[in-house]
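Sequence lines, in order, name chains A and B.
When we follow the working numbering, the leftmost residue of the first sequence carries the number 144, and every step to the right adds one.
When we follow the working numbering, the leftmost residue of the second sequence carries the number 144, and every step to the right adds one.
Bear in mind the hints are in silico, worked out from the structure with no lab data behind them.
None of the values given here were measured: they were computed from a predicted structure.
Worth double-checking, as some hints may not be accurate.
Identical chains share a label here; the pair holds if one copy fits it or two copies do between them.
Once the Cα atoms are required to be at most 25 Å apart in a straight line, the calculated SDA-like pairs of lysine to any residue come out as [as the list claims (entries may be wrong)]:
#	residue 1	residue 2
1	K383	S393
2	K247	S346
3	K368	K389
4	K199	V373
2 protein chains.
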Amino acid sequence: MENKIIKLFNIKYPIIQAGMIWCSGWELASAASNAGALGLIGSGSMYPDILSHHIKKCKQATNKPFGVNIPLLYPNIDQHIEIILKEKIKIVFTSAGNPATWTKILKKNGVIVVHVVANVNFAKKAEESGVDAIVAEGFEAGGHNGIEELTTLCLVPLIKKQNNLPLIAAGGIGSGSSMLATMALGADAVQIGSRFAASIESSAHMSFKKSITESTGNSTVLTLKELIPVRLIKNKFYEKVLNAYKRHASKEELKILLGKGRAKKGMFEGDLDEGELEIGQVAAQIKNVKPVKQIMSDIIKEFREIQSHIASIKI
Amino acid sequence: MENKIIKLFNIKYPIIQAGMIWCSGWELASAASNAGALGLIGSGSMYPDILSHHIKKCKQATNKPFGVNIPLLYPNIDQHIEIILKEKIKIVFTSAGNPATWTKILKKNGVIVVHVVANVNFAKKAEESGVDAIVAEGFEAGGHNGIEELTTLCLVPLIKKQNNLPLIAAGGIGSGSSMLATMALGADAVQIGSRFAASIESSAHMSFKKSITESTGNSTVLTLKELIPVRLIKNKFYEKVLNAYKRHASKEELKILLGKGRAKKGMFEGDLDEGELEIGQVAAQIKNVKPVKQIMSDIIKEFREIQSHIASIKI
């Protein structure tokens with residue numbers, strides 16, 4: 144039986160490298176695509192001209208398919224879409240917004256559209272909007288997150304049952320075993336973020352990558368739920384958030400405390416105290432910064448090992 | 144290769160029926176054991192004489208192994224342990240407390256001891272205390288829960304890597320596919336709660352069972368984190384909790400609002416408005432109340448189907 148996601152994107156492995164702010168520029172996306180995954184440029188942290196530059200560089204660095212991730216709430220979204228169409232990008236992942244707004248325009252221009260959801264209602268909305276596939280992203284994922292807090296283990300089967308579209312699991316996946324686990328739940332493929340955020344080719348600051356490899360099971364938290372829930376590493380900035388909660392800060396005060404540019408400060412500039420360090424719970428399993436090619440072969444190797452292990456279970 | 148949990152308990156399938164307050168009396172535990180799982184009597188909602196009665200009835204109803212779950216913070220814990228030793232119970236699952244306190248005494252009396260944990264530190268503590276196996280329970284689980292909020296997908300691999308003991312995954316598991324998924328992560332077996340809470344043999348009130356089958360992906364929430372975090376169905380009582388948070392209620396006020404006996408009121412007496420309806424996120428996948436035997440054969444059948452599906456993946 145042909146894998147729906149491999150067929151849809153014409154890639155070697157059913158693995159998507161998540162489009163992540165401050166991590167996934169052309170270096171990471173092209174490395175992922177060259178290693179047989181689908182690489183995604185994360186446009187959420189890019190001005191339109193920067194996005195344009197990354198697309199051009201990515202085309203030079205790989206002749207394999209790659210795509211762009213666009214957070215739909217991004218202020219420059221019109222310009223981003225314009226660049227994507229002009230550069231003839233064929234694969235777009237949309238997230239954090241209403242899929243109804245842009246899907247038709249993209250599809251009319253021959254773009255394959257995938258939408259990221261964290262609950263069953265948005266999965267339905269995405270399917271109705273005409274997307275080609277869905278990413279089901281659970282509570283354990285890094286960065287911006289849904290408010291229902293459904294974990295990947297519980298979300299994937301619900302969406303699988305409701306939707307007929309090709310399904311990509313995300314959140315908590317950084318190994319061959321978790322890849323196999325989510326495919327057992329009904330996913331056709333997986334989207335991997337944190338593991339690639341800590342790759343050599345990630346454009347994140349080395350200090351941030353190091354803090355990922357030093358994470359433990361107690362390092363991340365989903366917070367700022369009054370604004371947009373975000374999973375991040377607990378640091379001095381998070382302590383300030385906790386203090387704000389203690390004094391019953393208003394939503395407005397939290398917005399001011401968060402301010403602008405904290406993700407860049409932490410993830411790109413390496414300010415581990417004052418930055419917003421977005422990463423998933425799976426960070427606790429990441430012990431070193433490796434090249435993408437090595438990460439991919441580790442995942443595939445473990446996937447095959449677990450596949451044999453599962454086949455050997457007699458029940 | 145022999146399954147460690149099947150060997151440890153001398154059972155047919157690597158499935159544990161979770162000991163749950165107000166749900167798992169002798170009827171559920173004996174039905175689960177008779178169907179090839181390990182049945183557990185949930186002593187957390189029982190006075191000592193009631194526990195004694197349930198153990199005696201369970202012995203009459205099955206000649207298969209069964210056990211008792213004891214929350215270690217339970218006020219009558221001394222009497223419960225006394226009954227367990229007197230009745231020569233051979234398997235005890237402990238939870239919600241320090242495993243160091245009772246493990247030695249139980250082990251000295253030939254009892255197999257399993258401890259439930261939600262983080263890696265407690266897993267280490269449990270192993271040092273001499274327990275025979277560990278249950279790793281994720282954020283999606285119903286009822287009382289850990290504060291680290293690690294999901295089953297992220298928790299199981301961490302504990303697997305750290306501990307050498309037989310490992311049971313819990314939280315978000317109610318089907319053959321999720322069973323296979325967590326075994327792919329390294330678990331030797333699974334503990335299933337919610338799916339059995341909604342069985343015919345569960346002693347929960349029919350109205351509560353019905354509310355489980357009517358759950359959606361947005362029905363449960365982990366709340367009251369200032370006291371002991373608990374996952375429950377959002378109802379009128381939960382609205383009161385939300386209102387208390389809005390007016391910045393103190394921990395003491397929350398305790399008063401919760402009061403005593405709300406779990407009994409909701410789960411056993413069927414008061415869906417004022418009761419505390421403890422259940423896991425997996426409830427959204429449960430669409431009917433079935434006999435335990437049927438639930439077990441559904442799970443095993445699906446497990447085998449997914450096993451074939453996984454074997455067919457060529458990567």
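Intra- versus inter-copy proximity for K389 and K368 (alpha-carbon distance at most 25 Å)
So K368 and K389 pass the 25 Å test inside a copy (15 Å) and across (14 Å) alike.
Same-copy or cross-copy closeness of K199 to V373 [CA-CA at most 25 Å]:
neither (31 Å within a copy, 50 Å between copies)
Go through the copies and call it for K247 and S346: within, between, both or neither, with a Cα cutoff of 25 Å.
neither (32 Å within a copy, 52 Å between copies)
When no copy is named, should K383 and S393 be tagged within, between, both, or neither for a Cα gap of at most 25 Å?
both (14 Å within a copy, 21 Å between copies)
In terms of the numbered hints stated before, the structure departs from hints 2 and 4, listed from lowest to highest.
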